[in-house]
Each structure stands twice: as structure tokens, then as C-alpha cells.
Amino acid sequence: MSAAQKETLGFQTEVKQLLNLMIHSLYSNKEIFLRELVSNASDAADKLRYLALQNGDLYEGDAELRVRLSVNKDAKTITISDNGIGMTRDEVISSLGTIAKSGTADFFKNLTGDQAKDSQLIGQFGVGFYSAFIVADKVTVRTRKAGESEAVEWESQGEGDFTIAEIEKAERGTEITLHLREEESEFLETYRLRGIVTKYSDHISIPVELYKDPVPESEGPDGEKIEAQPGEWEAINKATALWTRDKSEISDEEYKEFYKHVGHDWEEPLTWAHNKVEGKTEYTSLLYIPKKAPFDLYNRERQAGLKLYVQRVFIMDDAEQFMPSYLRFVKGLLDSNDLPLNVSREILQDNKITQAIRKGCTSRVLKMLERMGKNKPEDYQAFWNEFGNVIKEGPAEDFANKDAIAKLLRFSSTHTDEKTQNVSLEQYIERMKEGQDKIYYVVADSFEAAKSSPHLEIFRKKGIEVLLLSDRVDEWMMSHLTEFNEKPLQSITRGDLDLGDMDDEETKKAHEESEKEVEGLVERVKTALGDKVKEVRFTHRLTDSPACVVADDHDMSSQMQKLMEQVGQAVPESKPVFELNPEHQLVKHLNNEQDEDKFGQWAEVLLDQAMLAERGSLKDPAGFVSRLNKLMLDLQK
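Each residue of the sequence shown is one higher than the last, beginning at 1 in the UniProt record's numbering.
Because the hints were derived from the structure by calculation, they are not lab data. Treat the numbers as computed from the prediction; the structure is a model and nothing was measured. Check before you lean on any hint, since a few could be wrong.
Straight line, CA to CA, 35 angstroms or less: simulated DSBU-like cross-link-like pairs of lysine-lysine [as the list claims (entries may be wrong)]:
id	residue 1	residue 2
1	Lys225	Lys138
2	Lys291	Lys199
3	Lys433	Lys280
4	Lys212	Lys225
5	Lys461	Lys508
6	Lys451	Lys407
7	Lys225	Lys247
8	Lys292	Lys169
9	Lys169	Lys247
10	Lys247	Lys508
11	Lys73	Lys276
12	Lys509	Lys598
13	Lys247	Lys280
14	Lys276	Lys367
15	Lys225	Lys256
16	Lys73	Lys238
17	Lys291	Lys30
18	Lys630	Lys526
19	Lys451	Lys359
20	Lys359	Lys238
21	Lys352	Lys433
22	Lys374	Lys247
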């Protein structure tokens with residue numbers, strides 16, 4: 001191959017950064033490079049097997065799929081080869097010259113500059129091929145796609161560029177040769193490679209073969225002749241699909257390592273469920289809950305779903321039809337006996353078998369999470385911190401499982417006095433006051449705003465627990481979650497407050513007395529404010545604040561209005577209900593004000609204060625400041 005045949009191309013900027021990190025970081029577990037490359041080779045074999053269902057010629061007379069490892073101690077190289085699908089020239093450039101993975105920018109944003117910490121991010125992002133540069137100072141890839149005649153060679157030293165050239169290659173598939181650094185010679189020992197494959201790749205369903213060096217003829221200690229042994233390929237993994245084995249035969253370590261393969265994750269899973277379903281619909285599922293959320297969990301373009309196999313034949317990655325969107329973090333696979341081998345995404349969309357499997361898998365995940373919440377609360381709290389906001393999408397998306405999802409929800413509350421969301425609805429009900437028949441909550445822009453909401457004042461005074469919600473999705477979630485265990489959920493910022501049996505007769509009488517003292521004030525304020533408010537009324541939900549605004553029972557809450565505005569939706573016009581605390585000194589001062597002009601200014605200032613406390617902003621902040629300044633100057637006269 002002449003130099004003229006080679007073409008030199010530059011890496012994508014993100015790849016340069018990643019390779020620099022790989023080469024110069026103190027990677028804590030270098031051996032994972034082999035796990036990643038063997039895993040990629042296995043995926044290539046799976047893809048060929050699937051395509052060959054419709055075109056058997058792709059096997060080119062060799063249907064025995066395998067991965068092979070060999071070492072050359074003199075050249076200090078390791079070669080990982082497969083006879084899978086292979087790549088074309090364009091695919092090589094696309095796959096090995098760029099990182100076509102959503103969220104890559106987020107990956108680099110999270111780099112800290114601490115090499116030891118940054119290196120851990122590599123595994124989390126599943127950038128498998130590039131892990132070769134952890135141990136190699138040069139990597140050569142030779143590949144030919146099944147059914148094609150052209151083959152290519154890609155080569156790089158992990159710096160700013162790579163070369164690519166056309167070559168001759170008789171066998172289909174991909175061959176990756178790692179030119180090891182001087183200090184990585186341990187990986188030239190076959191016993192070391194054997195141990196890594198056993199540890200990480202025993203579950204792979206095709207043989208992983210290691211070349212056993214020939215043994216020359218020799219003489220034994222008693223002079224007997226020991227015949228020469230030719231070199232041969234030896235399978236060093238079980239080569240059976242892990243999910244087809246009985247659960248009692250699979251160790252926790254095997255489950256964990258299989259997760260790293262199927263989930264392309266560095267971390268171990270939080271928990272998993274392995275089930276074989278028989279009956280009308282027969283399938284096997286192996287479902288995992290990750291420890292950490294991927295950086296692109298909320299990216300709409302992100303591919304999410306389960307690996308799909310039919311009768312142990314790989315069909316597709318990211319089959320999203322088997323898991324609802326709010327469980328998109330679940331990793332794992334399905335192996336169905338009932339779906340056709342040539343099943344497509346379009347066929348899956350409205351397939352009755354798909355619907356049955358989806359229903360079963362969804363129920364299994366929800367039960368798995370419920371058990372974790374009861375039996376391992378610390379693990380569940382870690383899960384909730386990572387995926388809680390995604391679970392909150394569930395009540396709106398999955399009406400059939402709304403009750404099961406509600407059991408999984410966790411909240412902050414006035415009784416925990418901390419930001420951590422660790423209160424379940426079941427725990428709330430257990431702590432309800434005598435005579436309390438509702439679950440109370442407040443939604444605000446932040447935890448601090450929720451915690452200091454004036455609407456909480458009467459609840460704090462009476463020791464009634466209120467759930468504090470401050471995530472962006474909360475208002476939308478609560479609009480679909482109206483009750484739990486026959487207890488209605490009530491926003492304390494909506495409608496007239498009625499504490500029912502929790503208000504004694506003496507308290508009710510005191511409220512009536514305080515309202516009589518400022519009789520006629522409601523009508524005066526309504527006249528002064530005009531169409532700025534829907535209604536003016538007295539309230540006893542406040543103890544320290546003079547006024548607040550609430551949404552009418554049938555109107556959209558202020559938080560929902562803000563959410564719709566943020567996503568560019570038209571917001572229907574609705575006016576707030578303005579509530580006055582008749583026991584507050586400012587309200588009494590307002591009642592005693594005889595100057596109607598000043599009265600109107602005071603009424604507007606109190607309304608603006610209430611709106612500011614509720615929404616965090618005003619439509620006319622300059623007007624508010626002007627009125628307030630004028631009133632303060634008048635008080636000095």
C-alpha cells in the first residue's frame with residue numbers, strides 16, 4: 001500500500017478532546033478496553049445475523065459467527081477480530097472519526113479538570129471503541145462489510161488525525177489491532193486476556209476464541225517423546241445467551257457484568273428483574289434499573305428502549321414500543337417467541353403481542369421499584385434523586401397504572417424541613433391530623449419559594465403537613481393526580497380554604513368577629529381594583545401576611561400558566577381571586593383609609609405584593625415601585 005493511496009482526515013473536535021483524556025488520564029480500570037471491543041464485535045455479529053434473515057448470501061458461506069483474540073509478543077500487539085457485519089468506508093469515517101451520540105456536549109461540560117474524576121466519565125458515556133487508546137499508542141482497523149467487495153484500513157495514533165485507505169481483505173468483518181504502549185505489556189499474556197473475557201464477556205452468545213500457540217515437539221523428564229501440538233483457536237466463554245439460562249444458575253456478578261454490556265454503562269445497576277413468561281404470550285425479559293441518569297435523559301432526540309431478540313436472534317436496539325416514555329431509563333432486553341423474525345418497528349407499533357409485552361414489562365418495573373422503596377429505602381432515594389422527575393411524567397401518560405405510579409412518588413414537606421424529596425403519599429396519610437380528609441400541597445418556582453409561601457401560614461399554625469413541590473413538571477403532574485387511596489389532593493393556592501372538622505367553633509366565631517370589624521372592605525377593594533381581579537374575599541388561611549391571590553377552582557393555576565408560557569403555548573386569560581386577611585394591621589389600616597385615591601393605591605400595592613409572592617414577578621414592576629414609594633413618603637408627612 002503506497003502513501004499515495006492513503007488519505008489523512010481530521011478528527012471531530014470532541015474526539016480530539018476525548019482521545020487526549022483517554023491517553024493522559026490515570027484510568028482506574030484499564031482492562032475494560034477489551035470488554036468494550038469484544039462487546040462491539042458481538043453487536044456486529046448480531047447485526048449480521050439479523051440482516052441475513054432476509055439475505056442469506058451475506059454469510060458468504062460462513063454462518064459460524066465468532067470473535068477472536070490473538071497476541072504478537074514480538075510486535076507487542078493484540079488483535080480483536082470478528083466475522084460480523086463489517087463497515088464501508090463512509091461508515092468507518094462516520095463511526096471512528098466522530099462521536100455521533102446525543103449529549104456529547106454535556107459530557108464535556110461535566111469535565112472537571114481532575115484527571116481521575118474525568119476518566120470515570122468515559123465509561124458512563126459508552127464510547128467503547130476509543131477505550132482502545134487507554135492501552136495503545138496506535139490502533140489499526142481493517143474491515144470489509146458483508147456482501148461488499150471493497151475493504152478499508154483506518155489507522156490513528158490518537159492525536160489530531162487518522163488515515164484511511166482501500167485494501168484487500170478476503171474475510172468479511174472487522175479486525176482491530178492495538179499497538180500497546182511499553183508499560184501495558186501485561187495484556188500480551190494470554191492468561192490475562194482469558195481472565196478478562198471470563199470476567200466481563202462470559203455471557204456473550206457467540207464464541208470468544210483465543211489463539212492457543214503451537215507447542216513444539218519435546219522430551220519428557222524420563223526421556224519420553226512429547227508430540228508437538230499445533231496452534232488452534234479455543235473458545236474461552238460459555239457462549240450461551242445469559243437470559244436463556246435459569247436464574248438459579250446466574251450469579252449477581254454475571255447479571256452486573258451483562259448489564260454493563262447491554263447498557264453500555266460503567267456503573268453497576270441498582271437492581272434488576274429476570275422473568276420468563278409463558279401462556280398466551282411467551283417471552284423472556286431482563287430489565288435493569290441504572291444507578292445514574294444519562295446526561296441526555298431529557299433530550300427528545302435520544303434513542304431509548306430495550307434490545308429486542310426473537311428466538312435469541314437480535315432484531316433491534318432501542319425498541320421503544322415495549323416501555324412507556326416515563327420509564328425510558330430502564331435498560332435490558334426482551335426475547336420473544338411469538339413475534340416474527342422479520343418484525344419491523346412499524347409492525348411493532350400496533351401489534352397485540354407488543355401491547356401485551358409492554359403491559360407486562362411496565363407492571364414488572366413498577367413492582368420492582370415499589371419493592372425497592374419498601375425494602376431498600378436508601379437505594380430508592382438514590383434512584384429518586386436521579387429519575388424522580390421522569391417518574392413524575394407517569395400519571396399523565398399512563399392512566400391504567402396511575403395508582404401504582406403514585407406509590408412511587410416522593411415529596412418534600414413542611415414536616416421534613418429539608419429539600420430532599422423523601423415523603424411518600426402513604427407516609428403523609430399515616431401522619432394526617434384527626435379530622436383531616438385531604439392531602440394538601442403547594443407548587444412554587446423553587447423549594448425556597450414553596451417553603452415560604454404565605455398560603456402555608458394557617459397550616460403551620462395548626463401543624464398540618466403540606467407537600468412542597470417545586471420541579472417544573474409538578475404542576476402538570478398534579479393536574480392529573482387528583483386523589484390517592486380515596487383522599488383528594490388539594491392545592492392550598494386554589495379555591496376557598498375549608499379545613500372542615502379541623503376548625504373548632506371558637507375559631508370560627510373569632511373569624512366572624514374579625515370580618516365584622518372591617519365590614520364593607522371587600523366591596524371597596526373590588527371597586528378600586530376593578531377588572532384586575534376576578535373576586536375579592538376574606539380569608540383565614542393567612543396569619544402573618546395581609547393578602548394573597550389564589551386561582552378559582554375551575555381556572556388555570558399561576559404555575560400552569562407560567563409552564564405554558566415557557567413552552568410557547570397560548571395561555572387563556574384568567575384573573576386571580578384576591579384574598580384579604582381581616583386580622584392583619586395593614587388590612588385594618590386599609591379599611592380606615594378615607595382618601596379614595598390613597599385607598600386605591602394601597603389596594604394595588606397589596607395585590608402586587610400578593611402576586612409577587614405567588615408568581616415571583618410582576619407585569620408592571622415600575623408601577624409597583626412608584627406606588628410604594630409614594631405611599632411611604634405620605635406616611636412620613
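Evaluation of the provided hints:
no.	hint	verdict
1	Lys225 <-> Lys138	violated, 43 angstroms
2	Lys291 <-> Lys199	holds, 21 angstroms
3	Lys433 <-> Lys280	violated, 48 angstroms
4	Lys212 <-> Lys225	holds, 21 angstroms
5	Lys461 <-> Lys508	holds, 15 angstroms
6	Lys451 <-> Lys407	holds, 23 angstroms
7	Lys225 <-> Lys247	violated, 48 angstroms
8	Lys292 <-> Lys169	violated, 42 angstroms
9	Lys169 <-> Lys247	violated, 42 angstroms
10	Lys247 <-> Lys508	violated, 64 angstroms
11	Lys73 <-> Lys276	violated, 46 angstroms
12	Lys509 <-> Lys598	holds, 32 angstroms
13	Lys247 <-> Lys280	holds, 22 angstroms
14	Lys276 <-> Lys367	holds, 16 angstroms
15	Lys225 <-> Lys256	violated, 47 angstroms
16	Lys73 <-> Lys238	holds, 27 angstroms
17	Lys291 <-> Lys30	holds, 22 angstroms
18	Lys630 <-> Lys526	holds, 22 angstroms
19	Lys451 <-> Lys359	violated, 39 angstroms
20	Lys359 <-> Lys238	holds, 33 angstroms
21	Lys352 <-> Lys433	violated, 47 angstroms
22	Lys374 <-> Lys247	holds, 23 angstroms
The structure fails to meet hints 1, 3, 7, 8, 9, 10, 11, 15, 19, 21 from the earlier list, while all remaining hints are met.
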